[in-house]
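Undergrad: For the sequence shown, my numbering assigns the number 19 to the initial residue and increments by one for each residue that follows.
Careful: at least some of the hints might be erroneous.
Stated by the list, open to error - Computed Cβ-Cβ distance ranges for the label pairs, DEER-style: (1) 213 <-> 96: 35 to 43 Å; (2) 144 <-> 88: 28 to 36 Å; (3) 89 <-> 192: 24 to 32 Å; (4) 196 <-> 120: 42 to 50 Å; (5) 175 <-> 120: 49 to 57 Å; (6) 104 <-> 42: 32 to 40 Å; (7) 214 <-> 150: 25 to 33 Å; (8) 72 <-> 175: 31 to 39 Å; (9) 39 <-> 143: 48 to 56 Å; (10) 48 <-> 166: 29 to 37 Å; (11) 217 <-> 71: 42 to 50 Å; (12) 33 <-> 151: 45 to 53 Å; (13) 73 <-> 206: 25 to 33 Å; (14) 124 <-> 59: 21 to 29 Å.
Hints in this document: simulated from the structure, not taken from any laboratory.
For every residue, glycine included, the Cβ atom is placed at its ideal position computed from N, Cα and C.
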Amino acid sequence: TPVLDQVGELVVTRPMPSMPLYFWNDPDGSRYRDAYFGAYPGVWRHGDWITLTSHGSVIVHGRSDATLNRNGVRLGSADIHDVVERLPEITEALVIGAEEPDGRYWMPLFVVLADGVALDDSLRVRIREAIRTGASPRHVPDEILAVRALPHTKTGKKLEVPVKRLLQGAPAEQVLNPAAVDNPDLIAYFARLGAERNKRSARDT
19 TPVLDQVGEL
29 VVTRPMPSMP
39 LYFWNDPDGS
49 RYRDAYFGAY
59 PGVWRHGDWI
69 TLTSHGSVIV
79 HGRSDATLNR
89 NGVRLGSADI
99 HDVVERLPEI
109 TEALVIGAEE
119 PDGRYWMPLF
129 VVLADGVALD
139 DSLRVRIREA
149 IRTGASPRHV
159 PDEILAVRAL
169 PHTKTGKKLE
179 VPVKRLLQGA
189 PAEQVLNPAA
199 VDNPDLIAYF
209 ARLGAERNKR
219 SARDT
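Full structure from sequences and hints, please.
TA: Here it is in C-alpha coordinates:
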(Lines of atoms letter the chains of each structure in order from A and count residues from 1; the text may use other names and numbers.)
(Lines give C-alpha, C1' and ligand atoms only; values in the text may rest on other atoms or scores of the structure.)
Protein backbone atom coordinates (compact mmCIF):
# COMPACT_ATOMS: atom_id res chain seq x y z
CA THR A 1 0.00 0.00 0.00
CA PRO A 2 1.51 3.38 -0.98
CA VAL A 3 2.34 5.78 1.85
CA LEU A 4 0.55 9.12 1.47
CA ASP A 5 1.65 12.63 2.47
CA GLN A 6 5.11 11.52 3.58
CA VAL A 7 8.47 11.66 1.84
CA GLY A 8 9.54 8.19 0.75
CA GLU A 9 11.54 6.20 -1.77
CA LEU A 10 10.02 5.74 -5.23
CA VAL A 11 9.90 1.99 -5.97
CA VAL A 12 8.27 -0.12 -8.66
CA THR A 13 6.93 -3.50 -7.56
CA ARG A 14 5.66 -4.71 -10.94
CA PRO A 15 7.23 -4.72 -14.43
CA MET A 16 6.83 -1.54 -16.47
CA PRO A 17 7.41 -1.04 -20.22
CA SER A 18 10.08 1.66 -19.84
CA MET A 19 12.48 -0.34 -17.64
CA PRO A 20 15.91 -0.61 -19.29
CA LEU A 21 16.98 -4.19 -19.91
CA TYR A 22 20.72 -3.74 -19.40
CA PHE A 23 23.64 -1.29 -19.29
CA TRP A 24 26.33 -0.96 -21.92
CA ASN A 25 29.65 -2.61 -20.97
CA ASP A 26 28.00 -4.58 -18.16
CA PRO A 27 28.19 -8.14 -19.52
CA ASP A 28 27.24 -9.93 -16.30
CA GLY A 29 24.52 -7.44 -15.34
CA SER A 30 26.09 -6.65 -11.96
CA ARG A 31 26.03 -2.86 -12.37
CA TYR A 32 22.41 -3.00 -13.56
CA ARG A 33 21.29 -5.12 -10.60
CA ASP A 34 23.22 -2.99 -8.14
CA ALA A 35 21.77 0.24 -9.55
CA TYR A 36 18.12 -0.77 -9.41
CA PHE A 37 17.70 -3.89 -7.27
CA GLY A 38 20.58 -3.65 -4.78
CA ALA A 39 18.65 -1.86 -2.03
CA TYR A 40 15.45 -3.93 -2.05
CA PRO A 41 15.85 -7.40 -3.64
CA GLY A 42 13.21 -7.99 -6.29
CA VAL A 43 11.93 -4.40 -6.06
CA TRP A 44 12.99 -1.67 -8.50
CA ARG A 45 14.37 1.37 -6.64
CA HIS A 46 14.11 4.35 -8.94
CA GLY A 47 16.44 6.58 -6.92
CA ASP A 48 14.10 9.50 -6.15
CA TRP A 49 12.48 10.86 -3.00
CA ILE A 50 8.79 11.55 -3.66
CA THR A 51 5.59 12.39 -1.83
CA LEU A 52 2.29 10.87 -2.98
CA THR A 53 -0.29 13.36 -1.79
CA SER A 54 -3.77 12.45 -0.59
CA HIS A 55 -5.30 14.58 -3.37
CA GLY A 56 -3.60 12.55 -6.10
CA SER A 57 -0.53 14.58 -7.04
CA VAL A 58 3.13 13.62 -6.82
CA ILE A 59 5.97 15.81 -5.54
CA VAL A 60 9.47 14.80 -6.65
CA HIS A 61 12.04 16.05 -4.13
CA GLY A 62 15.23 14.89 -5.85
CA ARG A 63 17.58 11.97 -6.10
CA SER A 64 17.54 9.73 -3.03
CA ASP A 65 21.04 8.45 -3.70
CA ALA A 66 22.43 11.98 -4.08
CA THR A 67 20.37 13.72 -1.40
CA LEU A 68 22.44 14.74 1.61
CA ASN A 69 21.28 13.25 4.89
CA ARG A 70 23.02 14.90 7.81
CA ASN A 71 21.86 13.80 11.26
CA GLY A 72 18.58 12.60 9.77
CA VAL A 73 17.86 15.91 8.01
CA ARG A 74 17.62 15.71 4.21
CA LEU A 75 19.41 18.51 2.37
CA GLY A 76 19.47 19.33 -1.33
CA SER A 77 22.90 19.50 -2.93
CA ALA A 78 21.61 22.11 -5.39
CA ASP A 79 21.04 24.53 -2.49
CA ILE A 80 24.78 24.43 -1.77
CA HIS A 81 25.89 24.49 -5.40
CA ASP A 82 23.75 27.54 -6.15
CA VAL A 83 25.21 29.53 -3.25
CA VAL A 84 28.84 28.58 -3.82
CA GLU A 85 28.79 29.05 -7.59
CA ARG A 86 27.66 32.66 -7.13
CA LEU A 87 31.05 33.47 -5.60
CA PRO A 88 33.38 34.99 -8.22
CA GLU A 89 36.27 32.80 -7.04
CA ILE A 90 34.39 29.57 -7.79
CA THR A 91 33.49 28.31 -11.26
CA GLU A 92 31.84 25.05 -10.20
CA ALA A 93 31.08 23.10 -7.03
CA LEU A 94 30.08 19.58 -6.03
CA VAL A 95 29.03 18.53 -2.53
CA ILE A 96 28.79 14.87 -1.56
CA GLY A 97 27.38 13.15 1.52
CA ALA A 98 29.05 9.79 2.09
CA GLU A 99 28.27 7.23 4.78
CA GLU A 100 31.57 5.72 5.95
CA PRO A 101 32.28 2.18 7.24
CA ASP A 102 32.75 3.38 10.82
CA GLY A 103 29.27 4.92 10.83
CA ARG A 104 30.40 8.51 10.38
CA TYR A 105 28.96 10.82 7.73
CA TRP A 106 31.44 12.79 5.64
CA MET A 107 30.23 15.80 3.65
CA PRO A 108 33.04 17.28 1.53
CA LEU A 109 32.65 20.17 -0.90
CA PHE A 110 34.78 20.08 -4.06
CA VAL A 111 35.34 23.42 -5.78
CA VAL A 112 36.84 24.39 -9.12
CA LEU A 113 38.59 27.72 -8.71
CA ALA A 114 38.66 30.62 -11.13
CA ASP A 115 41.98 31.34 -12.83
CA GLY A 116 44.56 32.76 -10.45
CA VAL A 117 42.57 31.95 -7.29
CA ALA A 118 44.01 29.87 -4.44
CA LEU A 119 41.94 28.04 -1.85
CA ASP A 120 43.31 29.57 1.34
CA ASP A 121 41.81 29.81 4.82
CA SER A 122 40.22 33.18 4.02
CA LEU A 123 38.34 31.79 1.01
CA ARG A 124 37.26 28.72 2.99
CA VAL A 125 35.76 31.03 5.63
CA ARG A 126 33.93 33.02 2.94
CA ILE A 127 32.54 29.85 1.37
CA ARG A 128 31.32 28.51 4.72
CA GLU A 129 29.73 31.84 5.62
CA ALA A 130 28.02 32.09 2.22
CA ILE A 131 26.52 28.62 2.72
CA ARG A 132 25.52 29.36 6.31
CA THR A 133 23.63 32.52 5.35
CA GLY A 134 22.48 31.51 1.85
CA ALA A 135 21.29 28.01 2.79
CA SER A 136 21.57 27.03 6.48
CA PRO A 137 24.18 26.06 9.10
CA ARG A 138 23.36 22.39 8.43
CA HIS A 139 24.50 22.81 4.82
CA VAL A 140 28.05 23.83 5.81
CA PRO A 141 30.42 21.05 4.61
CA ASP A 142 32.92 19.17 6.75
CA GLU A 143 35.76 19.91 4.37
CA ILE A 144 36.43 22.07 1.30
CA LEU A 145 38.78 20.67 -1.34
CA ALA A 146 40.00 22.29 -4.56
CA VAL A 147 39.96 20.18 -7.73
CA ARG A 148 41.06 21.14 -11.23
CA ALA A 149 37.72 20.05 -12.72
CA LEU A 150 34.61 17.97 -12.01
CA PRO A 151 33.43 14.92 -13.96
CA HIS A 152 30.17 15.11 -15.92
CA THR A 153 28.13 12.96 -18.22
CA LYS A 154 28.49 13.71 -21.92
CA THR A 155 25.38 15.89 -21.59
CA GLY A 156 26.95 18.01 -18.83
CA LYS A 157 25.30 16.55 -15.71
CA LYS A 158 27.49 16.37 -12.61
CA LEU A 159 28.29 12.80 -11.59
CA GLU A 160 27.08 13.11 -7.99
CA VAL A 161 26.13 9.48 -7.38
CA PRO A 162 29.21 7.88 -9.01
CA VAL A 163 31.53 10.26 -7.12
CA LYS A 164 29.74 9.39 -3.87
CA ARG A 165 30.24 5.68 -4.51
CA LEU A 166 33.91 6.22 -5.36
CA LEU A 167 34.37 8.12 -2.10
CA GLN A 168 32.79 5.17 -0.30
CA GLY A 169 35.45 2.90 -1.75
CA ALA A 170 33.57 1.23 -4.61
CA PRO A 171 35.84 0.11 -7.50
CA ALA A 172 35.67 2.52 -10.44
CA GLU A 173 34.85 -0.26 -12.91
CA GLN A 174 31.71 -1.08 -10.92
CA VAL A 175 30.59 2.53 -10.68
CA LEU A 176 30.66 3.94 -14.19
CA ASN A 177 31.70 3.53 -17.79
CA PRO A 178 34.67 5.85 -18.54
CA ALA A 179 33.42 6.29 -22.10
CA ALA A 180 30.33 8.06 -20.74
CA VAL A 181 32.36 10.66 -18.78
CA ASP A 182 33.61 13.96 -20.20
CA ASN A 183 36.84 13.84 -18.13
CA PRO A 184 37.50 10.15 -17.35
CA ASP A 185 40.98 10.93 -16.00
CA LEU A 186 39.34 12.71 -13.05
CA ILE A 187 37.85 9.43 -11.81
CA ALA A 188 41.23 8.26 -10.49
CA TYR A 189 41.41 11.21 -8.07
CA PHE A 190 38.06 10.45 -6.43
CA ALA A 191 38.76 6.70 -6.38
CA ARG A 192 42.11 7.31 -4.67
CA LEU A 193 40.56 9.71 -2.16
CA GLY A 194 37.85 7.15 -1.36
CA ALA A 195 40.40 4.36 -0.89
CA GLU A 196 42.47 6.54 1.45
CA ARG A 197 39.41 7.54 3.50
CA ASN A 198 38.27 3.93 3.82
CA LYS A 199 41.73 2.73 4.91
CA ARG A 200 41.88 5.47 7.53
CA SER A 201 38.35 4.67 8.70
CA ALA A 202 39.22 0.97 9.01
CA ARG A 203 42.31 1.78 11.11
CA ASP A 204 40.29 3.99 13.45
CA THR A 205 37.67 1.32 14.21
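Undergrad: Hint by hint, note whether the structure agrees.
TA: A quick look at each hint next to the structure:
1. 213 <-> 96: 35 to 43 Å: For residue 213 and residue 96 the Cβ distance comes to about 28 Å; the hint is violated.
2. 144 <-> 88: 28 to 36 Å: violated, 21 Å
3. 89 <-> 192: 24 to 32 Å: Holds, since residue 89 and residue 192 (Cβ atoms, about 29 Å apart) stay within the stated range.
4. 196 <-> 120: 42 to 50 Å: Once the Cβ atoms are compared, 30 Å apart, the range 42 to 50 Å for residue 120 and residue 196 is violated.
5. 175 <-> 120: 49 to 57 Å: violated, 31 Å
6. 104 <-> 42: 32 to 40 Å: Given range 32 to 40 Å: holds, Cβ gap about 37 Å.
7. 214 <-> 150: 25 to 33 Å: holds, 28 Å
8. 72 <-> 175: 31 to 39 Å: holds, 33 Å
9. 39 <-> 143: 48 to 56 Å: With Cβ atoms ~50 Å apart, the hint holds.
10. 48 <-> 166: 29 to 37 Å: Once the Cβ atoms are compared, 31 Å apart, the range 29 to 37 Å for residue 166 and residue 48 holds.
11. 217 <-> 71: 42 to 50 Å: holds, 46 Å
12. 33 <-> 151: 45 to 53 Å: holds, 48 Å
13. 73 <-> 206: 25 to 33 Å: violated, 49 Å
14. 124 <-> 59: 21 to 29 Å: Given range 21 to 29 Å: holds, Cβ gap about 28 Å.
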